[in-house]
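Starting from the known structure of chain A, arrange chain B on it as the hints suggest.
Just so you know, the protein sequences line up as chains A and B, in that order. With positions in the first sequence counted from 1, the corresponding number in the numbering used here is that position plus 359. With positions in the second sequence counted from 1, the corresponding number in the numbering used here is that position plus 4.
The set of hints was computed from the structure by calculation and includes no laboratory data. Watch out, some of these pointers could steer you wrong.
Residues on chain B that point at chain A, a partial pick, calculated with CB under 7 Å [said to hold, decoys possible]:
1) ASP31
2) ALA163
3) LEU186
4) ASN196
5) LEU200
6) SER203
Listed next, the in silico DSSO-like pairs over lysine-lysine satisfying Cα-Cα at most 27 Å (straight line) [what the hints assert, rightly or not]:
7) LYS445(A) / LYS112(B)
8) LYS112(B) / LYS411(A)
9) LYS487(A) / LYS531(A)
10) LYS445(A) / LYS11(B)
11) LYS454(A) / LYS133(B)
12) LYS11(B) / LYS487(A)
13) LYS428(A) / LYS11(B)
14) LYS428(A) / LYS316(B)
15) LYS316(B) / LYS487(A)
Label pairs and their calculated CB-CB ranges [as the list claims (entries may be wrong)]:
16) LYS316(B) / ALA394(A): 38 to 48 Å
17) PHE103(B) / ARG464(A): 22 to 32 Å
18) MET478(A) / ILE126(B): 50 to 60 Å
19) ASN395(A) / PHE103(B): 38 to 48 Å
20) LEU288(B) / ASP466(A): 56 to 66 Å
21) ALA394(A) / ARG315(B): 49 to 59 Å
22) GLY544(A) / ARG210(B): 25 to 35 Å
23) ARG315(B) / ASP466(A): 50 to 60 Å
Remember, predicted model here, so these are calculated numbers, not experimental data. Quick reminder that beta carbons are idealized off the backbone N, C-alpha and C, glycines included.
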Amino acid sequence: MLAFENVSLNYGSFRALDEVSLHANEGELVVLLGANGAGKSSIFLAASGLQKACAGSIRYGDCQLVGMKPSRIVEQGVVQCPEGRKLFPGMSVMKNLMLGAYVHRRDKTGNRKRLDEVMALFPVLEHKQNDPAGSLSGGQQQMVAIGRALMGRPKVLLLDEPSLGLAPLVVKQVFEVISQINRAGTTVLLAEQNAFAALKIAHRAYVLERGRIVLEGDRDSLMSNEAIRKAYIGT
Amino acid sequence: MMRLNAKLGWIMLLVLGLVFPFLAGNDYHLTVMSTAYIYVLATLGLNLVTGYTGQYNLAHAGFMAVGAYTVGILTVDYQVPFWIAFVLAGPVAALLGFFIGIVSLRLKGHYFSIFTLCVGYILFLVIEKWESLTHGTVGIIGIPAPSPIGPLTFDSPRALYYLVFFFLVVGLWVMHRIVSSLLGRTFMAIRNGDDLAESLGINLMRNKLLAFMLSVFYAGLAGGLYAGFVRFLGPGIAGVEHTFDMTMYMLVGGIGTLLGPVLGGLTVPWITQTLQWLQEYRFLVFGPILVLLVIFVPHGIVGSFIAWRARKAAQPHGSGHA
Chain A
360 MLAFENVSLN
370 YGSFRALDEV
380 SLHANEGELV
390 VLLGANGAGK
400 SSIFLAASGL
410 QKACAGSIRY
420 GDCQLVGMKP
430 SRIVEQGVVQ
440 CPEGRKLFPG
450 MSVMKNLMLG
460 AYVHRRDKTG
470 NRKRLDEVMA
480 LFPVLEHKQN
490 DPAGSLSGGQ
500 QQMVAIGRAL
510 MGRPKVLLLD
520 EPSLGLAPLV
530 VKQVFEVISQ
540 INRAGTTVLL
550 AEQNAFAALK
560 IAHRAYVLER
570 GRIVLEGDRD
580 SLMSNEAIRK
590 AYIGT
Chain B
5 MMRLNAKLGW
15 IMLLVLGLVF
25 PFLAGNDYHL
35 TVMSTAYIYV
45 LATLGLNLVT
55 GYTGQYNLAH
65 AGFMAVGAYT
75 VGILTVDYQV
85 PFWIAFVLAG
95 PVAALLGFFI
105 GIVSLRLKGH
115 YFSIFTLCVG
125 YILFLVIEKW
135 ESLTHGTVGI
145 IGIPAPSPIG
155 PLTFDSPRAL
165 YYLVFFFLVV
175 GLWVMHRIVS
185 SLLGRTFMAI
195 RNGDDLAESL
205 GINLMRNKLL
215 AFMLSVFYAG
225 LAGGLYAGFV
235 RFLGPGIAGV
245 EHTFDMTMYM
255 LVGGIGTLLG
265 PVLGGLTVPW
275 ITQTLQWLQE
285 YRFLVFGPIL
295 VLLVIFVPHG
305 IVGSFIAWRA
315 RKAAQPHGSG
325 HA
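Okay, chain B solo, but in the shape it has when bound:
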């Protein structure tokens, strides 16, 4: 019964996503939604390493920037066709993730987070200062739009919306496959504790590294989409505040769940949009809300729902287990 409900929910979300362009009042709404999707895709990756594996990576936005700049630099400075550059965005981020992961994952807990915070800042500085490669603070201007694939062209906001939506759906499906496999449970075993995982025969380093690389692959892919969608890149996208945004999506939606990053990544940006009129003061409203949320709803929307359902099922007249 429950599995059927979950499936139904996902299908409803899919349909909503498909009809959204027809419900949206204007192109601005489409743009906001597409940008949100791109960040949801990146947050899915962050959720894999942080939510499922328990390693809180604070350099996530840096890896997203690496993917974005891969596309930006290759298309603008080397005239590489968009799709070839795009295909490289994820792997380049994952390759960098391999080298950074092999060093940083030797550290545990907060030390890992602090290390990656530094990595994120270094990535930002490199992008800002290495002008001959990244155009520095000027940024990369004139990134070509995704070139047509057969009859499909991506020159309208609506077409771009569907392109981004397509990658989000594929990203979600692949993530679903990962977390419901033995590999996903291996990651969760590591989240429960290094010693316990090791006593089951799990090779910690190899699996943490794999989770990290998969995670930043998502970030790189999202970055590549971002480049093709926004078509302008500045060092700002590597800023740690974007990692914190993604962390917030994860916390609001429900950390360590598949749906959490989606719900958080869609609701939070819309709330910030509606609070635009408060300008920077909106964080005065947002900050306390976040603090209250972490204290009283630590498992987010999805986590709280699951806990509520478990409580209901535990009651004598409940409908049995989920």
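With the rest of the complex left out, here is chain A:
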């Protein structure tokens, strides 16, 4: 399991994370809720090693992730799917996916098996595999981004705002797939502003405000929480 203990992160003098403690048990789907700038992405950057936490510890199993190289963290099975998709637009869908399997590049048969699984999850990509990723629709690009992360064979998948800029119907599809990935055994940490859709598929959630965790609980307790309903769900 993945556990943050009193993690702080600064950008210069700006404190992005202030003694954040959270955890995701094996097989759980945990949602991080919060407005822009609340610190959701910073949690992912700290977990994936792209930003070094200045205090606290991030443990994954027996490993201390703070101070570990990002490439080593991916090898451990903690894989990030960054915000805003960030594909390689000129490369074909297939090449984008295969770059996700970078750390397993020597295991050709394993990758082929994994690719079949990803294609089964996103059948629409099957006949788009030779198209440049930049020519796909937003929803399809998000599928490639998630697929690319899955090619890294994550044990913990960090998904940063996968619904960003997608049409409501497509958002629904994407969340269904995320739920499916989780049910297949992958631990998922999902950052979202789309609280209602995210909570529906979550086991537990944390609410962040200005770099601090202000609320945590399981799905039902947060869904029925008045403050949450007002602030994030809007009913």
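Just chain B now, kept in the frame of chain A:
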């Protein structure tokens, strides 16, 4: 269809290269073309680290000079046979690239470029001032021509042309293999952004260093050819203006493409040749052309062609994807 066209184009270029000596009016044309090939070979290397990996190295000519001086010093001062010295040119440049890369690649973006600009100048100064090793400003005179291999002799401009052409073709083929492999896509992932590459599990330093070493290996190899072809070396070949020339070839032809350095490296020298009569004033013509090019055709000849084809394919009645 498209892949077939690309293959056909390369074959046409190959044939053109092979018959060029029979079309060329005189030895001078052969010399100009051979020199252009040597610089194209070096530019292929620069394009790997700058165009494909996104790290703009401004010391490239310095590494080319290291390869050239490896051949010059070993053959003239130590009587090492040409081909043995030549084989060492690439590895010596790559070894130096390892040490310089390990320091300079810690810097990102423009800082890396500024650092390598200094490295290039230091290489130039070392060559100019270390007289006991490099003969200083006097230069190295009397480098032997490439010695015969079996029945092949390299004592005529035409034979030398084919020798240089051979290495260019091999260099292009190897580069094609590199950039169309996972390694090449790894480099391109780094060009797209350090963070994104790292989040895919790519070890940044190791791959940047590898790209840098491969790149300067090409420079060293081209330098070795230069030494055997021109047979005289002065510190001038390490000058940063040669790096800028190669950058121009890359920009005119199309940065980050395989064909770009070839097109740029062949057209630009011929244009400069025809503008010879303007003497140094030709840069008054050339400078503005370059500025306009960077503004309006930033992806060069090849890049613009690819963009045009993509636009055409995107039209409803286009023939589908490339």
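Here's how the hints hold up against the structure:
With a cut of 7 Å, the hint placing ASP31(B) at the interface with chain A is violated, because the nearest CB-to-CB distance is about 43 Å. At a threshold of 7 Å, the smallest CB-CB gap from ALA163(B) to chain A is about 41 Å, leaving the interface hint violated. Interface restraint check for LEU186(B): the shortest CB-CB distance to chain A comes to about 6 Å, inside 7 Å, so the restraint holds. Taking 7 Å as the C-beta contact cut-off toward chain A, the hint placing ASN196(B) at the interface holds, the least distance being around 6 Å.
With a cut of 7 Å, the hint placing LEU200(B) at the interface with chain A holds, because the nearest CB-to-CB distance is about 5 Å. Contact between SER203(B) and chain A, as hinted, is supported at the beta carbon level, the nearest pair being about 5 Å apart and thus within 7 Å. Between LYS445(A) and LYS112(B) the CA atoms are separated by roughly 20 Å; this keeps the pair inside 27 Å, and the hint holds. About 18 Å separates the Cα atoms of LYS112(B) and LYS411(A), which keeps this hinted pair within 27 Å; it holds.
With a C-alpha separation of about 21 Å, the suggested pair LYS487(A) and LYS531(A) falls inside the 27 Å cut-off, and the hint holds. Simply put, LYS445(A) and LYS11(B) have alpha-carbon atoms about 31 Å apart, too far for the 27 Å limit, and the pair is violated. With a C-alpha separation of about 49 Å, the suggested pairing of LYS454(A) with LYS133(B) is violated against the 27 Å cut-off. With a C-alpha separation of about 24 Å, the suggested pair LYS11(B) and LYS487(A) falls inside the 27 Å cut-off, and the hint holds.
A threshold of 27 Å between alpha carbons decides the hint, and for LYS428(A) with LYS11(B) the separation of about 41 Å lies outside it, so the pair is violated. Only pairs whose Cα atoms come within 27 Å are accepted, and LYS428(A) paired with LYS316(B) is rejected, the gap being roughly 43 Å. With a CA separation close to 19 Å, the supplied pair LYS316(B) and LYS487(A) stays within the 27 Å bound. Taking the beta carbon of each, LYS316(B) and ALA394(A) are about 44 Å apart, inside 38 to 48 Å as hinted.
For the pair PHE103(B) and ARG464(A), the supplied restraint of 22 to 32 Å holds, since their beta-carbon distance comes to about 28 Å. Between MET478(A) and ILE126(B) the CB atoms are about 52 Å apart, so this pair conforms to the stated range of 50 to 60 Å. The hinted range of 38 to 48 Å is satisfied by ASN395(A) and PHE103(B), whose Cβ atoms lie roughly 45 Å apart. For the pair LEU288(B) and ASP466(A), the supplied restraint of 56 to 66 Å holds, since their beta-carbon distance comes to about 58 Å.
Here the CB-CB span from ALA394(A) to ARG315(B) is close to 40 Å, at odds with the stated 49 to 59 Å. Our hint of 25 to 35 Å for GLY544(A) and ARG210(B) holds, since their Cβ atoms are close to 32 Å apart. Separated by about 39 Å at the C-beta atoms, ARG315(B) and ASP466(A) break the suggested range of 50 to 60 Å.
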